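K.L.:
The chain contents come next:
Protein chains: 6
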Amino acid sequence: MYFHVQEFINEIAEDEPDPAAANALQEGLGGQFGEMRTMMQYLFQSINFRGPDVKPYKDLIQGIGTEEISHVELIGTTISRLLDGSPQYQGKKSDPVDKPGAAGAVPLNIALDTGNIHHYLVGAQGALPVDAVGNPWSGSYVYNSGNLVLDLLYNLMLESTGRLQKCRLYEMTDNKMARSTISYLIVRDQAHENAYARALETLGVEWRTTLPIPKTNAERFPEVKALIDLGLQSKQYSFDLTAQSEAGKIFQGASPSGDGTTLDASEQAPAGAPMTISPERREEFSPGADKELQALIAATAAMEMADIDATFGRLS
Amino acid sequence: MYFHVQEFINEIAEDEPDPAAANALQEGLGGQFGEMRTMMQYLFQSINFRGPDVKPYKDLIQGIGTEEISHVELIGTTISRLLDGSPQYQGKKSDPVDKPGAAGAVPLNIALDTGNIHHYLVGAQGALPVDAVGNPWSGSYVYNSGNLVLDLLYNLMLESTGRLQKCRLYEMTDNKMARSTISYLIVRDQAHENAYARALETLGVEWRTTLPIPKTNAERFPEVKALIDLGLQSKQYSFDLTAQSEAGKIFQGASPSGDGTTLDASEQAPAGAPMTISPERREEFSPGADKELQALIAATAAMEMADIDATFGRLS
Amino acid sequence: MYFHVQEFINEIAEDEPDPAAANALQEGLGGQFGEMRTMMQYLFQSINFRGPDVKPYKDLIQGIGTEEISHVELIGTTISRLLDGSPQYQGKKSDPVDKPGAAGAVPLNIALDTGNIHHYLVGAQGALPVDAVGNPWSGSYVYNSGNLVLDLLYNLMLESTGRLQKCRLYEMTDNKMARSTISYLIVRDQAHENAYARALETLGVEWRTTLPIPKTNAERFPEVKALIDLGLQSKQYSFDLTAQSEAGKIFQGASPSGDGTTLDASEQAPAGAPMTISPERREEFSPGADKELQALIAATAAMEMADIDATFGRLS
Amino acid sequence: MYFHVQEFINEIAEDEPDPAAANALQEGLGGQFGEMRTMMQYLFQSINFRGPDVKPYKDLIQGIGTEEISHVELIGTTISRLLDGSPQYQGKKSDPVDKPGAAGAVPLNIALDTGNIHHYLVGAQGALPVDAVGNPWSGSYVYNSGNLVLDLLYNLMLESTGRLQKCRLYEMTDNKMARSTISYLIVRDQAHENAYARALETLGVEWRTTLPIPKTNAERFPEVKALIDLGLQSKQYSFDLTAQSEAGKIFQGASPSGDGTTLDASEQAPAGAPMTISPERREEFSPGADKELQALIAATAAMEMADIDATFGRLS
Amino acid sequence: MYFHVQEFINEIAEDEPDPAAANALQEGLGGQFGEMRTMMQYLFQSINFRGPDVKPYKDLIQGIGTEEISHVELIGTTISRLLDGSPQYQGKKSDPVDKPGAAGAVPLNIALDTGNIHHYLVGAQGALPVDAVGNPWSGSYVYNSGNLVLDLLYNLMLESTGRLQKCRLYEMTDNKMARSTISYLIVRDQAHENAYARALETLGVEWRTTLPIPKTNAERFPEVKALIDLGLQSKQYSFDLTAQSEAGKIFQGASPSGDGTTLDASEQAPAGAPMTISPERREEFSPGADKELQALIAATAAMEMADIDATFGRLS
Amino acid sequence: MYFHVQEFINEIAEDEPDPAAANALQEGLGGQFGEMRTMMQYLFQSINFRGPDVKPYKDLIQGIGTEEISHVELIGTTISRLLDGSPQYQGKKSDPVDKPGAAGAVPLNIALDTGNIHHYLVGAQGALPVDAVGNPWSGSYVYNSGNLVLDLLYNLMLESTGRLQKCRLYEMTDNKMARSTISYLIVRDQAHENAYARALETLGVEWRTTLPIPKTNAERFPEVKALIDLGLQSKQYSFDLTAQSEAGKIFQGASPSGDGTTLDASEQAPAGAPMTISPERREEFSPGADKELQALIAATAAMEMADIDATFGRLS
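Residue numbers (the numbering used here), protein chains in the order written: chain S, 345 to 660; chain V, 345 to 660; chain L, 345 to 660; chain D, 345 to 660; chain G, 345 to 660; chain A, 345 to 660.
Bound-form chain S, shown alone (with noise of 0.2 Å):
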C-alpha cells in the first residue's frame, strides 16, 4: 500500500521557460531508460518477487521503486513548469492569450515550431508519458525474468543507461530549471547503481575499477558535484513506513563505485520541497472555469469540511 506527501522529492530550481529542454526531459519521464519504466519496472519485480529468503534483495527493489515514483512527480512537474507560460513568454502581447482567440489572435502559434505540438494541443502545456520524440511509454519496455541475478544485472544496466542519457541531456541545455532536476537525477541513478552492484557483489561479482559505468565524470558538471559532495550518490532511503525493509542488509559497506564513500541506508526519506500548484492558461482552456463554474467552487471551498485531521491517527 501506498501513501503520497504533498512535498517533492527534490526542489526544482526557477528559471525561464524552455519548450526545448522539456521535450528532451520528455526521455527522462516517458522514455526507454526514464523514470516510468524504472518505477514500473521496480513495481513489477517487487510483485512477482520470489524466495521468502532473499527478502533483503526484495526490499531493495522495493525501496528503490518507490523512489521512482517521486522521480515521476519530478521530472513530470518540471517538464510542466518548462512549459508553463512559454507562448506568452516568447514575446506574444499578453492580451491575445487572456482573450484566447479573440478577433482572430494566433496566441498558441508557438506551438507549430517546437519539439512536440502535443504539449499544446493535447496536454494544456503540461507532461505527457512519452518520449522526446513523442513515442507513447511502452509496456513491453518492462524487465522481469524472475530470475534474480538477471534481473539485478537488467537494473543495474538499467539505471547506467538512465544516467548516461541524463549526462547527455544535460550538455543539451543550460536551463537552470531543467539542470536541477537532471543533475538530481544523475545522483540518484549513481546511487541506485550503486545498489545493485553492491547486489550483484554479494552474489559473487567483483567490479574492481569498472564501476561507475559509463564513466561520464558527472562532477565536472557544477551541480551534479554539489549533490555528489552531499554524499547523495551514497544514500538509500527506505521509503518504508512501518520500518520493516532489509535493504540494508545489502546497501552497506564501502561504495563499488571506488569514490571512498560508504553506503548508508539508514535514513527513511529525505526533506521534501514545497509542492505548488501551477496558474490558470487561459488559452489552453485549461482549467477554464467560467464565471459560473467559480461560483460554484467558491461555494465548495468554502465549505466545512469534516474534522478529518484528528483521524489521521496511525501516521501522522
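A hint or two may mislead.
One copy or two, either will do: identical chains are not told apart, so a pair holds if it fits within one copy or between any two.
Straight line, CA to CA, 30 Å or less: simulated DSBU-like cross-link-like pairs of lysine-lysine [to be verified]: (1) K579 / K443; (2) K559 / K443; (3) K569 / K579; (4) K399 / K569.
These are computed hints drawn from the structure, not numbers from a lab.
The model shown is predicted, which means the values in this text are computed figures rather than measured ones.
Dock chains V, L, D, G and A against chain S, hints included.
P.N.:
Okay, now just chains V, L, D, G and A, sitting in the frame of chain S:
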C-alpha cells in the same frame, strides 16, 4: 513524494491456481481501462494540474491516484498467485518440476495451451504489464486535457468502464482468489465513480437517476454485496501522510448514486493485509539460486543491519 | 459527402453462433489486408488524388472505396452475429445469463477459452477494429504513394491478397453465416482485382494468362460459384448519387481475368438486404436499460417527430 | 450501404500553402480525438448496437457517423491543399520543380525542415492517416462498450475534446484555408456534443449550466461566429437516403447548451461545395504520367462510356 | 558486405508437425530476446562502432552478429517445418487438402484452434516475424548506447535472457525437431555469453562464481549435453571471409563460466547442414502454380544458364 | 549460413556532417520501404519458400535478400557518418566537446533542434532502426503470402516504391555523402525491380512500356547516370559462396525496362570498398574508455592471437 508499507490494500482469498483467470485479470491490470491506466492518468493529471483556486479537485485526483498504485500492487499480486505453481498443480508429478528438464522432462508444457505463454516464458509465473490479449500497456491511454470539467468527465467514464469490465470478469470465473480482488475493485471503482460524479455535481451537473453508470446491480454478486454492506463504495481515503488533502470538501454529502449513503472522506487509509513472498519455482529458474549463491545470500542475511529504525522519526 | 441507407450490401445467411469463426473473420475486418484497410486506403487515395486529366482513375478508386465502407458494415455485422448469444448457446442455462452473476453464476466463462476475450470483456459480443490475433488496425497500413501506376499496382496486390486470405478463411469454417459473407467478399475482391488490372491494362500492362492472382479456383466453393454465375465478379457499381463517375471509361471491355465475361459499370448499387437491430444481452449489460431508463426511453419514443420526411427533397 | 456525391460537406477557403498548419491539422484527421476516430467509433457502435427498442439512439449515432466520413474527406483535402505546391511556393524557382533533380537540383529540400517529412517523402504532398506528431491512427482508439449510457457519455466527452483541440488549433494558425475547416468542425463538434448531451438528457441527466464542455467561447473566433449565427451548432442532418432515421425523436427541443436555440433534425444534408482535382506535382512524380502514359490515358478518356446514367434510377 | 551458402548452420532433427511448438519457438525468432533482436542489435552496434583502438571488440560483435543471421535462418526454418503439413497431419483426409475447399471442405480448420492463426491465414504454414503472442518484432528492441562497456553489459544480459527463455522452451515441448534447434541455440547463447563476459573481463570485471547467468544447468537436457561435450559453448567462429577479424584477441583463455574449457576462436565457421525446399501446400495456394504456370516455369528451368561458375573467382 | 567481409558494397563519398540529411536517410534504412524491410522480407520469403520445382525463384529472392543486408550496412554507415561530429562541426568550440559538460558547457545543444534527438541522446551520433519520423521498424511490414506470383508482385511494388522514395530523397539534399549512397540504392533498386519484373515475365506478364515504375527518369541525377552508364541496373550478383544459385535462369535476356541492356547474373559480388572505424566522441561518452580502460585494452591488443589464419581453409 511517495511512501510504502509492506501491506496489501485488501486481503486476497485463497484458492487453487487458475491460469485462465489470471490471464483474464490482466485486463484489469494492464488493459486500456485497468489499474495501470487509472494510476498513470491520475498521476499525470495531478502533476499537470492548473488552478490554485481549485485545490480540492487536485487533492481528490491525487488521493485516488495514490490508491491506484496500491490497486496495481493488489491485482498484480493476485495474478501472480493465480499463476504460481500452476504447472505442478495441473497434474504434473513434482519431480520434473523440481528438476527442470532433467532427462528431457517437459514440466512447463501447460504453457503451450494457456492464455498468454509469456506468463511462463518471459515472466516466471508472474503478472505482466499487458492486457488480456497480450497488448503491452501504452502511454497513449492517458487522458489529460487540462480542462477540469473534461478531465473529471473522462475520469467518471473511465471508472465506470473499469467497473463494467470487472463485472464481466466476475461472470467469467468462480475462482475465489480472482473474485476477492475483482469484487474489491468493483466496489472501489464505484467509490471513485461517486467521487468524480460528486465533483461534477459541484460544477453544475445533476445526475438524478442516471447513476451508477452502468447499472450492473453488482450487489447480486455475494462478495460485492459484503463490501457494499460495509459502505466501501461511499468512502474515499486520502492516503495523504500529512493531512493536507482538501478532497473532503468535495467528497461529502449524499452519494450521487442515490443508494442512501453519505460520502465520507474522513479516513486516511484502510487497514492493510499481510504481505508474503512467493516461493521458489525451479522450473522457471526463479529466483535461481544454486548452492554457491545460497551461501553468499546467507552471509548477507546474517549481517547486522545498521540500527536504522531509530532514524525513522518523522512519520512512524 | 457520404450518405447511408439502412440496408446491407448483401444478405447474411442464418446459422448458429460461432465465436471461433467470428475471430477468424476479424482478419477480414481489421487485418492488414481487410476491409478497413481497403476502405481507408482508397479514401486517402481519392482525397490526395492528383491529375485533372485522369479523373476516371480517381472515380474508379472512389467508387470502390465507397463500396468498402459497406463491406466494413457487412463483415462487422457478420462477426457481431457470430458472437451474439454464444455464451447462452454453448449449453449454459438461460437463467444465469438473464441474471448476470446472480448468486455467483459464471455466464461468461466461455470467454476464457475463446479466440479473443475482448469480444466479451471489452465489447459486448460485437466486432472489434482488430485482426484475428488481436492487433489493433493501424494507419501505417495505408499506402498512397501519389504515383498513379504504383498506387494501382499496390491496389491490385491488396485485393489479390485479401481474396487469398478469404479463400483460406473459407477453408477454416463451414458456418453458413460466416461463409455467406466470406464468399461475397471473395467475389467482390475479384471484381476489384479486375478493376485495377483493367486500369493497368489501359496504362500498358498485358496480363495474358496471369490473372486472377492467385489462381484459387474459388468456384470450387459452392457459395462462390453461385455468385460468379450471377456475374458479380465483373460488375462495378458507382455508389455515386449524382452520376458523375467516369469509372466506366476504364471498367469496360473483356475481363482481364479471361473468364469470357465483359466488365460492366452501368449500375449504381446492388439491391440491399434488410437491416435489423441485435437483441439485448443482459450478461453484457448491453444496452443495459433498467426500468427507469426504459420508462424514459418509452417517453422519447412516443414523441412525435417533426415532419422531416417532406424535407428529404433532393435525393429521395 | 453507403453512397457518395462528388461534393465537399463545406467549402474550403483559399489561401497560400502552409505545411506547418497542414501538420497541425493532422491531429484533427488522424489524432486520437480526430475525425477518423469519431467516424470509426460511431460506425462500430452502429454495427454492434443492441436494443430494438432504442432505435432512435442507433439512428443518431449512425447519422453522426456518416457525417464524420465527410469530415475525414473535408479535413484530409484541407491538409492536402495546405501542402500542395509548398516546395515551389516557398521561393523555389519553378524550373527545378518542373524538372525534378535535374543536374542535381534540390526542389524538395523544404521537407527536411517541416513538421512531418513523410508529407513529401512517403506521400506526395498529401494527407496521411497519422496525428500531428506522426503516430499512425490506431484501432485501439475506438470505444464501444455496448452499454448505451456509457457509449453516449464517451461520445459526449469525445466530441468535447475534439472541439477543445480544434479551438487550440485555431489559435495556432491564421491561415484562412486551415481556419475555414477548423471553424466548421468546431461548430459541427458542438452540434454533435449537443446531440449526445440531449440523448443523455432523455436518459436522466440534467446538465443545467454545465454545457458546453469546455466553455471555449469559440464565438470569439470570427469564422466560428458566422457559422453559429447560421445555427449550425443546433442542426443534425440524417444523411439517410430513405428517411428511415428516427434520430429526430431525440434531437429536438431546447439546446442543452442553453444558447436559446431549438434543436433541428429536419434536414437530410447540407448543400455541398464543388470538388476539384489537385494538379500534377512533377517533383513528387505524381501522378507521374510520361508521354507514353498520357497517350494511353487520352485513348481511355476518348472512349464512349456505356450509357449508364439512365440506369441510375433509384435515387437520382 | 555479406555472403550466403545454401547450408544451415546446424542440422534440424526430423519429427512430426507440431503447431503449438512452432508458435512457442516464435519467441526465439521474433521475441524481444530472440534471434532477430540479437542479429539487428549486433549489426547496428557494428555499424555505429566507435574507437579505432578497440577493433577487437567490434570484430567480436560483428562475428556474433553474422552468426545470428544464420540463427534466424535456422529457427525460422524449424518453425516452418513444425507447421508444414500440420492440417493434413492432424487426421484430415488428404483429399480436401489437395482440393482446397472443394464442395465446401474445411481443410484448414485446425487454424481456429492454434497458437497463431496467422501461421495459416497470413503466411502459408511458415515462420512470421513476431513473438509467441503475436506481437510484431520492433526496432525499439535494439540497444546501442555507443558506450562500449554498457553495450557489452547489455549484450551479456541479452544472451543470458535468450538462453533462459530457451531453457524454458525446452521444458515446454518434447518435439525432437523443436528441441534440436532449441538445444543448439542454448549452447550457442552460452558461447556468446562467454564472449561478452570475457570482453568485460578484459575491461576489469571479475566474475568469480557468478557465471553462467542464470545457472540453468542445461546439461541436464540430453541434447544440450551432447553439444557441450563437443565444446560448442567455448568456440566462436569468425564468419569472416578474409580473416581480418581480431576477435580472437578477446575470445581466448579460460572460459569465464568456469567449466574448465579454453575459449577458441580459431575456426571460420562450422560445417553446414544440407538445405532443402519445402513441398507445395495446395490448401494454402502456395506456391500456387497451375498448369499454365507450370509450363512457363518448366520453360524457364530448361534454359541454359550462362556459364557463371567460372566467374566465381574471388572466393570459391 | 552467412559470411561477412570487412568491406562496404559501395564507396561512400566524403562530405561535411549533415544531421538533417542523416534523418531523411533513416527512411531508407528503417522506413516501411527501406533496406531493413527488403532484407527481412526476402529472408523470410527464402526461409518459408515452397516448391522444389521453382528453385530459381528462391535463389533470386535469396540473392537479393543477401544483398540487402549489405545495403543496411551501407546506408546505416552513411547515416552514422552524416551525424558524426556534427555538434563540433556546427560552430561549437572544440574544447567543450572534448570536455563534455565541463563547467556547465552545452556541447550537444544542436540535438534540441534536429530531426531526431535520439541520434544524440539514445545513440551516440549513429544510425537507428527507425524511419525518418522516428517510428521503430516493425515486423508487421514483412509480406510473405506464400503464393509465388503474389510475393513477386509485392516485391516488384516494394522495390519500385523504395526507388521512388530515394528519388525524392535525392531531391531533398545535395550533401555528397548522402547522395552517393542514395544514387547507388536508386540504381540497385532498379536492378531488383528488373529482377522481379523479369520473374513475372517468365510467369506470363508482359510489361510492354510500363516499366520502370515509376518513370522518375533518375538519369537526370548526375550520380545516378554515372552508375547507369556502368550498367549496374542490369546486373544481379549471387552473393552465393558455392555457386549453387540458379537465379541466372531468370535474370537473363533483354531488360524488362526496355533500356536496351541485357540482364546479367554472372558475377558473384561487386568489388568492395574499404571499411574504417569511426573516431571517439567524448561528448557522447563513446566508446568512453578512460585511462584505466585504455590500459586494459592496450594489454588485450598486445596479445598474440592464435594463428587462426591457417585454419581458414574452406573459402579463402
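K.L.:
All hints, please: hold or fail.
P.N.:
Hints, one by one, checked against the model:
no.: 1; hint: K579 / K443; result: between (49 Å within a copy, 28 Å between copies)
no.: 2; hint: K559 / K443; result: between (51 Å within a copy, 13 Å between copies)
no.: 3; hint: K569 / K579; result: within (15 Å within a copy, 46 Å between copies)
no.: 4; hint: K399 / K569; result: neither (34 Å within a copy, 34 Å between copies)
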